[in-house]
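Sequences listed follow chains L and C, in order.
Going by my numbering, the first residue of the first sequence is number 1, and it counts up by one from there.
Going by my numbering, the first residue of the second sequence is number 1, and it counts up by one from there.
Rather than coming from a laboratory, the hints here were simulated on the basis of the structure.
The C-beta atom is built at its ideal place from N, Cα and C for all residues, glycine as well.
Partial chain L-side listing against chain C, Cβ under 8 Å, derived: (1) L157; (2) R179; (3) R317.
25 Å max Cα-Cα, derived SDA-like pairs, lysine to any residue: (4) C/K272 x C/N324; (5) L/K274 x C/E61; (6) C/K214 x L/D229; (7) C/K244 x L/S339; (8) L/K46 x L/Q82.
Listed below, chain by chain, are the residues.
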Amino acid sequence: MCEPEETFISAMEQDKPWALISEVGGVSQMMEMFCVLPRQAMEQDKPWALISEVGGDCGLLEDHLDIVKRHFQVLCYQDLLQNPELHGPKVQALLMWRYYPEARPALLRMLPSLKVVSSGGAGVDHLDVAFINGLGAKVSNTPGVVSRATADLAMGLLLASARRILEGHRVARDPETRRIPLNLQGADVSGATLGIVGMGDTGFKIAQRGHGFEMDVLYHNRNRRSLEDEQAVGATFCQKLDELLTRSDFVVLAVRLTSETAGLIGTRELELMKPTATLVNISRGQVVDQDALVQALRSGTIRAAALDVTHPEPLPRDHPLFGLPNVLITPHVGANTSSTAGRMVEMMVESAVAAIRGLPVPYEVKPK
Amino acid sequence: MTCLCYLRCVRKLWTPAEASQLLKVVNLHRSVHQLQHKKVMAEEKPWALISEVSEQGYLEEMVDVIKPHFHIINYKDFQQNQQLHGPKIQALLLWNAFPVVEPSLLSLLPSLKVVANGGVGIDHLDVPYINSLGVKVTNTPGVVSNATADIGMALLLASARKVVEGHQVAMDPKITHIPQSLMGVEVSESTLGIIGMGHIGYKIAQRGKGFDMKILYHNRSRRSVEDEQAVGATYCANMDDLLKESDFVMLAVNLTPETTRLIGHRQLSLMKPTATLVNVSRGLVVDQDALVKALQSGTIRAAALDVTYPEPLPRDHPLLGLPNVLITPHVGTHTLATTIKMVQQMVDNAVAAVKGQTAPNEVKPK
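The shape of chain C in the complex, shown without the other chains (with noise of 0.2 Å):
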């Protein structure tokens, strides 16, 4: 503003020439000054902590989606100088559950505004306790949907068809004829039963409908006769029920209180010899030695799982020698084009938060 008065000074009290050759310099003046306009415009974009830039963390194509919004500083270098970078961090971008979410942490960001999380499961979030501190927590979900429902159905398939035993067996020298071993189970007009069925577990319906697989499902509360209709649904009050009918049991839950060792013992030995059970939720939604069990005697015939608990499991673990067992690590939502969408949706959460404005996607303690 202070260029525009300066500016009908000069003209008014200069000639035309001397008044040209002012305005050069004026101009000039104004470039710089929205340069340094821009500069601190720039200065004024946040400043957002994040774990990594790395095959274990955040992909350069992640960090190109974050940085026209955000300063970023990483794990490392946050802990160099805590004292320092602590107070002029306000969002938080969790990947991966990292980093870990603990008082210690958030007593160094005094700033904080928002603990934005890639990934829509929040387990790993004491959200309450977040809140008390007046920062807010947020996730993403939608965008994963359809990457975790088309894992479920890879799984489902890879094992119901044993298709990395046929490669196997494929790239075996001493394998000439196919051995009976390789022979699988039919997917096409089985029963899928699928416990939780919120946005993942409804997108599985849709894609397992496709196989003509006679639907059923088990959820906190019923959906709406047309949301059945559309993917030939059956509602089984009784989770029991859905175990003893179905050939592929498939876990779409997130983890609660209610939902941890949800498949135990009892589960399982309700659950036919013949079926699979395939998780795409969270590891501790199963009780892990009660599956082993269930596995090596026979009670079910088969396992599929994108998630165990701990992540990886330790590499003596009995999952990891059974043969019955397929084990993808944590890949559910691995497409690049959902991993840009989730990195996408994270920042316009923090983008808001940090505005103090509404974040679309905020995570309200139950």
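Isolated chain L (complex conformation) (with noise of 0.2 Å):
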């Protein structure tokens, strides 16, 4: 943090407007015209965040730190626990990025002047909202923003599923393809069958991109759509997820995780499934019954299953879902645009602000 170097105020000068500007050089003209206050000394107002930190795998990017400068004064994880009894007290914003740092007991008792915690994402399974709430610090997500990049995630990976885009792209580039093979072939998508379990945003948003491929639409959620919505995207309400499971030739699960929803998708309902069909999964990993799931794609009771989550992430190296040649499997990228993140960042800003003003928060999560 710089020490301001001057302050250009004077008790003679107090009618000029204010100007804030980058720093001192250069300006003399201006300051005829204007109170100057360099940033600097501006920033010396902004609270502080911690995050865990710039760049490197878990950070923010660059780009995504300068939407938060612009509020927030920022602490690195790291640089917290170099003097915690310092820079602990001045935290008010824990800004949580695909998961860091973590808001374990121990993290939270060195910030007694937490206010909030923003989560980037959609998903808060990983918090315990109450106990957060019970220190006097408010919970926010970032639901919608995350919705369209997922749902695009869940057709990108159904259709890379039903038509081997990754066997394609290894023989196209083995050293030892001599011929284009005929026998690459895959499942139809257009016109196929497709059933949503869990119809909130990001669901209603796959029946969407699934009706644009001419695909017979199925869902099912605990509460049905109105009829617009249903028309809208061509959606068949099922009262009963196995009417849906019986039916569908691609099954997409995009319900949040919930007590109800773990372990959803097991060996009983694999099995309902069609030899033919394909699993996608972008919700959480805890919602299928993963070894229910090698077992039903060792032994052909489903044709494929494409995961953008599983249960742990990332999962061991030798996890038996790794060495069957029908999955494919990405690491957790539903939300994984520029575009979607920093609007994500903004989001986290938002209502990190709101929660240190004191004032409504846009993206408060409450306890159930």
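Mind assembling these two chains? They're in different frames, but the hints should get you there.
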């Protein structure tokens, strides 16, 4: 943190309007017209936010850091640990990116002034909301903005699995390939039956995309959608999950992880699916019984699986899912585009600023 | 007919018992005659020349569609005795542009009535020349459109969201956190520029609309207002405008002298540095050397290709080594359902042509 170089306030000049500049140097003419306050002096008023790191694998990107710096002074986790007694009490916001820094009690104890934990992403199953609220801090997430990017990835996984993009790319690059293989056959997506389990924001967007492929869209949800919604995407409600499972060529899981949805897809559900069907999961790994899934894929009970989420993440390196030829796994990249990530950071900052000012928090997550 | 007359005579002349006995014999004769008749009918099935029944040629399921209508001879057997087999062949069923239709082959097939192609692209055929020999050319439009549009979107999404790289990272024992390099580009609400708005291009537009993409298109002729409105597509009379504004440029033209090297240095430099080129038409529509340079220099972000020239590429081709290139080995129509539909359509065309009837999908020279 820099010390302000000089503060140019004169009692005689208080009538002049204020202008914020970056730093002092070469602005003498401007100073005739304005009271000038270098940016560094303003910095000191900004509240402190704790993040994991800048760059690296867990941290915020430089571009996104600029969004944060407009409203906060930034403390990195490693620097907090250097001197928690000095730095800890300054922190009013914890900006959690890709689950880091983890909001464990040990960390929270170092942050007596904490007013908000702003988590990037829609899911909050990794946070004990009630406990954090009990410490006097609010919790916020970033719903909505992630649903488009996640729906896109769901379709990307569905298509890549159906049309065997991974294998095609391997064959195309293989040093041994001499002729175009004619037996690399995939499954039709157009006109197939798409079964969406969980028709929230993300599920609905997946339905919209599937409809564009002339797919027959079925959905199962706690509540039925309105008629207009259903007609907009050509979706048919399945009261019973079993019915959706028996009829679908592609089953896409888009539920939130709750006590009801943990282990939702197990041996019984997989056996109800067609042997030509594909399972796509963009919700949480725990929604699927992974051992049952391995068995089903090995035995041909279902054709293939495409997973953006597993449990744990990442999977242990010797996990049987890695050994199966009919599995496509991406490392939880559902919202991983620059524009979505940028928007998420904006929302996190918005929530954090509101919480610190004691205003209603736009994306607050309340405990159930 | 001889049978019936014989029967009547027998009935008139003989006693019932004797007639009954004879009828049994006659029935036997009739059965034999019918069998002979069927055999003659079977023998009347015309002969078709194909490449081979194998992974590189015709799958068993495809042969099952052809057999009810044609006797099949494969290319190797044909070559064993061209003098014997040649004159029998009335249909040439082309799959994956094989066998190669050259004058030398055609001169061995004096009875040939049709070259029936499996697939819609016929850039590998000299249609005027083949027609001059009194032979029709047919293809299979329509049935290929859904599967090809699907592969176009599959490539677009896989490239944008780095699905292949993501899988490699997920599988890599050394990697514990997602690298920043795995950050992708947004597909939803981005601009999709379709070059070639025929049957396939239009299906691609439909699919892009589902992602709330802004659709631009360039085509020899403009589509109707209803067509445009149905998919939210805006016509770009000037292809340059499409290239400048698109986040994803999708090539869905057929290969003609006009579209050969349609996308070269100039076109690539007009594109955004964040843009992706997707090609599901033919390799020759793109100047591949220019593409390599554009990808190496960051003139465009990435390319996703189902087609190259040649296919497959030589194993040391620079495209194979670039990290921002996704290539699939011409799998655009490779689903079993689409393959069977194509073979069915190919057979229907060939059957009609051999009978001297109008073939549903005859390709006429321009």
